[in-house]
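*Asks:* These are the residues of each chain, in order.
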Amino acid sequence: MENLSILTRLDYTLMIVAIGAALLGAVSGTLGTYAVLRRQSLLGDAISHAALPGIAIAFLLTGSKTPLILVLGAAIAGWLGTLFILSIVRLTRIKYDSALGIILSTFFGFGLVLHTLIQRTGNANQAGLDTFLFGQAATILESDVLTIGILGGIAIVIMLVFWKELKLLVFDEGFAASLGFPIRALDILLTSLLVIAIVLGLQAVGAVLMSAMLVAPAVAARQWTDKLSVMMLLAAGFGALAGVGGTIISSSASRIPTGPTIVLCATVVVGFSIVLAPNRGLLWNRLRYQRNKRNLKMLGGQLFQSEEQ
Amino acid sequence: MQASEAKAIEVTDLTVAYQEQPVLWDVDLDVPPGVLLSIVGPNGAGKTTLIKAILGLVRPAAGNVLIYDKPYEAQRRIVGYVPQRGTVDWDFPTNVLDVVMMGRYGALGWVRRPGRQERELAMQALEKVGMEAYTTRQISQLSGGQQQRVFLARALVQDATVYLMDEPFQGVDATTERAIVTLLQELREKGKTVVVVHHDLQTVTDYFDWVMLLNIRRIASGPVAETFTPENLRTTYGGRVAFMTK
Amino acid sequence: MIQEHLDIQLIAIVTAVACALPGVFLVLRRMTLMSDAISHAILPGIVLAFFLTESLSSPLLILAAAATGVLTVVFVELLQRTKLVKEDAAIGLTFPALFSIGVILISRFAGNVHLDMDAVLLGELAYAPLNRLDIFGYDVGPVSVYVMGTILLLNLTFILLFYKELKLATFDASLAATLGFAPTLIHYGLMTLVSVTTVGAFDAVGSILVVALIAGPPATAYLITNRLSLMLTLSAVIGSVNAVSGYWLAYLFDVSIAGAIATMTLLMFGLVFFLVPNRGLIAIARRRTRQKWEFAQTMLVIHLFNHEGLPEAEAESEVAHLHEHLRWDPAFAAQVVKYALNNRCVLQEETQLTLTERGRTVAQQALVQ
Chain A
80 MENLSILTRL DYTLMIVAIG AALLGAVSGT LGTYAVLRRQ SLLGDAISHA
130 ALPGIAIAFL LTGSKTPLIL VLGAAIAGWL GTLFILSIVR LTRIKYDSAL
180 GIILSTFFGF GLVLHTLIQR TGNANQAGLD TFLFGQAATI LESDVLTIGI
230 LGGIAIVIML VFWKELKLLV FDEGFAASLG FPIRALDILL TSLLVIAIVL
280 GLQAVGAVLM SAMLVAPAVA ARQWTDKLSV MMLLAAGFGA LAGVGGTIIS
330 SSASRIPTGP TIVLCATVVV GFSIVLAPNR GLLWNRLRYQ RNKRNLKMLG
380 GQLFQSEEQ
Chain B
49 MQASEAKAIE VTDLTVAYQE QPVLWDVDLD VPPGVLLSIV GPNGAGKTTL
99 IKAILGLVRP AAGNVLIYDK PYEAQRRIVG YVPQRGTVDW DFPTNVLDVV
149 MMGRYGALGW VRRPGRQERE LAMQALEKVG MEAYTTRQIS QLSGGQQQRV
199 FLARALVQDA TVYLMDEPFQ GVDATTERAI VTLLQELREK GKTVVVVHHD
249 LQTVTDYFDW VMLLNIRRIA SGPVAETFTP ENLRTTYGGR VAFMTK
Chain C
5 MIQEHLDIQL IAIVTAVACA LPGVFLVLRR MTLMSDAISH AILPGIVLAF
55 FLTESLSSPL LILAAAATGV LTVVFVELLQ RTKLVKEDAA IGLTFPALFS
105 IGVILISRFA GNVHLDMDAV LLGELAYAPL NRLDIFGYDV GPVSVYVMGT
155 ILLLNLTFIL LFYKELKLAT FDASLAATLG FAPTLIHYGL MTLVSVTTVG
205 AFDAVGSILV VALIAGPPAT AYLITNRLSL MLTLSAVIGS VNAVSGYWLA
255 YLFDVSIAGA IATMTLLMFG LVFFLVPNRG LIAIARRRTR QKWEFAQTML
305 VIHLFNHEGL PEAEAESEVA HLHEHLRWDP AFAAQVVKYA LNNRCVLQEE
355 TQLTLTERGR TVAQQALVQ
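Protein chains in written order, with the numbering used here: chain A, 80 to 388; chain B, 49 to 294; chain C, 5 to 373.
Mixed in with the good hints, there may be bad ones.
As the list claims (entries may be wrong) - What the simulated footprint calls covered on chain B by chain A, stretch by stretch (three residues with Cβ under 8 Å from a Cβ of chain A suffice, anywhere in the stretch; the number is not a length): (1) 114–127; (2) 132–146; (3) 258–269.
Claimed, not checked - Below, computed lysine-lysine pairings styled on DSS-like, alpha-carbon distance capped at 30 Å: (4) B:K55 - B:K118; (5) C:K90 - A:K174; (6) A:K174 - C:K342; (7) B:K118 - A:K243; (8) C:K87 - A:K372; (9) A:K243 - B:K55; (10) B:K176 - B:K55; (11) A:K306 - B:K176; (12) C:K87 - A:K376; (13) A:K243 - C:K90; (14) C:K168 - A:K306; (15) C:K296 - A:K174.
The hints are simulated quantities; they were obtained by calculation from the structure and are not laboratory data.
We put the beta carbon where it would ideally sit given N, CA and C, even for glycine.
The task is simple: from the sequences and hints, build the whole structure.
*Replies:* Take a look at the structure:
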């Protein structure tokens, strides 16, 4: 009797964690789609690292460890980092990649300085930093699931409302501007949505691995479809799948951290998609190549012209 | 020129500078309605910049642009734009019909999604450019010429009075080039004004009726017969057009 | 105590210079993020080699980890070559996956080995001098100085030997290829150096902050100079200054040394970004303002010049009507007139403007240009 209740409670905890991880995977998969299409895959990496000083400052200012306040601090710092990167690129001849690298590492370094400062005053412990770096999916509570659901939901709803505008911005910025859409504002909106996805995801996989959660589901989804809406749905699905899969695998054996397992699950989905997806996949291409070669041989090379069509 | 007739495009004293370098210097251009005008000039002459400045995509350091006597912001609905083909990622997950419908986004305004009417307009435009068989084709599977036709169709559904096109003949096959020329001439027949950034001097006389020679400053503009002279070309290209004695 | 100060600063300087030198080429070749990827992706290499050697500074570990780094580059390039994944996404996929494998390995076997996750990610310079090199019973200094010193020499030798090739491959890869300089070989040589340097440096600053050492000083130097040789020297100097000032910042506030060095890197970059002559933010802003007035003045003198001596000249030169003719707003027009008066390009007689000789020259020059 006693045994059973422990078992169900365990399962319940696991279920909450799995739901939380699935939600996070879905949100970052959806919003990561635009990051991948805009070739800003690594902006997520920069934002997630740049968030650390924001968390530290939020804590120093308020003395509170309430997730919502820390998330707000993280979002502001991540945002500021993005702004710095874009300004450096716009105003100097330093290229995007270097600007990203500098902001990512130095913001993080500054965060580390603040963290050691907090640590010295005895207000925090090393665990706080570890959580930031690697996430702590295993400690997701019901209230966290609610936060993730509401904030992530709002981000996705906003994205859906401005679906047409954001799609045009990402596909053809110049044309969007010529139609009178304020591309600066839309760009800010899209980046803000990305920041929301990242600061939420930090909790599950941490700063170091966050970029994978944005990139992997979208890259995998891209292989299966040529339609943006389907790609986004698939990315959300793959993200959720990786979240649940990672949670279950890491809970099934001792000492397997959840965040890295989620990332590896997502990576497996990518590998699977790149090899097997119809039309685009490597295997498919290989087969098509050989079939064409065979056909060409059979027809003595005369097929060449009609193949072009 | 009669003062009573409105000008389709009127550019006055336009100066644009990127950082230190002036890209366009004190440029004037009057385009009467219903002409097919090509802008020619060497690389770095500011051709694309001029188009972008007319569209309000770059901010000028000085000068003014009017479209039918009003600033661009007030005339957006009557201007159609064909950007350079190379400025977008053709691996974007979307199909031909979808791209063409983007031409209606301006008219639709915020948030409203394209519906059946937009779809029909897009289909008609695709027929005009001979791409009706490719509506569901993924855009990465198009040839250069087909991509250009899709961009043209997208501008056609804008149902504009003034069209600005940036290098529509760049890297297209001979069939597409002929199709585009026919289309441009049809547009002119309907009284539309078309401004085209062009790089092939050989075809200027055949394709266009007006020409603007540009090299940071306006060298000359007007009807091809009067303007497209060896002397003007020499000024524009700095004596590097020996091959142009066609 | 003093010895400890000196030791740590020495390690910091040697590490900073060793990172900055290959960093120059990464920044110029737009491959900074590859160093971010490498520094994370070497983790499984480090872990596996650590299981074998049980030491963080054994040469075997450095080699194994460096090999993992080069493997990362190969992975990213293979992924890109499928044309299914763009470069940024390929990097964003590869390094988290490899890093995850490393983390899982560590947590699975953490009981058996003493490898601290934080040491790998964040480094700890303060502990670096404790591990000392003994030769015949004599203490000849911290091991880190010798490890990083060797890596610094390696980088320096490679850059000096292949300076011409690196320069050519960086600025014109296709020309380098046609001249038979094998840009691919140079590329992989550079990537090997970056991997080795990263492994050597993570001990001191960890894998996230090493990017600050690699990208920060070269990018700062790039704001100051165009010349490759000067950029290399400046990067080394800036890297050292950041290292030393960072150390003292950390000492003063008792905070993480690596973090403080990164903070100084950001500050130094910001300082140069604002202040450097010609390319700095302040210089740009001042030039923009001056340019705006210069443009306006030129337009004004051209306007006057075009109508000089013509019947309409009187109307066109009326100060109060300028804004109509030039389409400026009245306040701006008044300021431009003031600017031109100050520069003695125009003269004002009551409400009429006339060109001076100087103004005429300016107009003619602008028109001929």
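*Asks:* Each hint: holds or not?
*Replies:* Structure-based check of each hint:
{"no.": "1", "hint": "114–127", "verdict": "holds (count 3)"}
{"no.": "2", "hint": "132–146", "verdict": "holds (count 7)"}
{"no.": "3", "hint": "258–269", "verdict": "violated (count 0)"}
{"no.": "4", "hint": "B:K55 - B:K118", "verdict": "holds (10 Å)"}
{"no.": "5", "hint": "C:K90 - A:K174", "verdict": "holds (18 Å)"}
{"no.": "6", "hint": "A:K174 - C:K342", "verdict": "violated (40 Å)"}
{"no.": "7", "hint": "B:K118 - A:K243", "verdict": "holds (28 Å)"}
{"no.": "8", "hint": "C:K87 - A:K372", "verdict": "holds (21 Å)"}
{"no.": "9", "hint": "A:K243 - B:K55", "verdict": "violated (34 Å)"}
{"no.": "10", "hint": "B:K176 - B:K55", "verdict": "holds (28 Å)"}
{"no.": "11", "hint": "A:K306 - B:K176", "verdict": "holds (25 Å)"}
{"no.": "12", "hint": "C:K87 - A:K376", "verdict": "holds (27 Å)"}
{"no.": "13", "hint": "A:K243 - C:K90", "verdict": "holds (24 Å)"}
{"no.": "14", "hint": "C:K168 - A:K306", "verdict": "violated (48 Å)"}
{"no.": "15", "hint": "C:K296 - A:K174", "verdict": "holds (27 Å)"}
Hint compliance for this structure: hints 3, 6, 9 and 14 are not met, and every other hint is.
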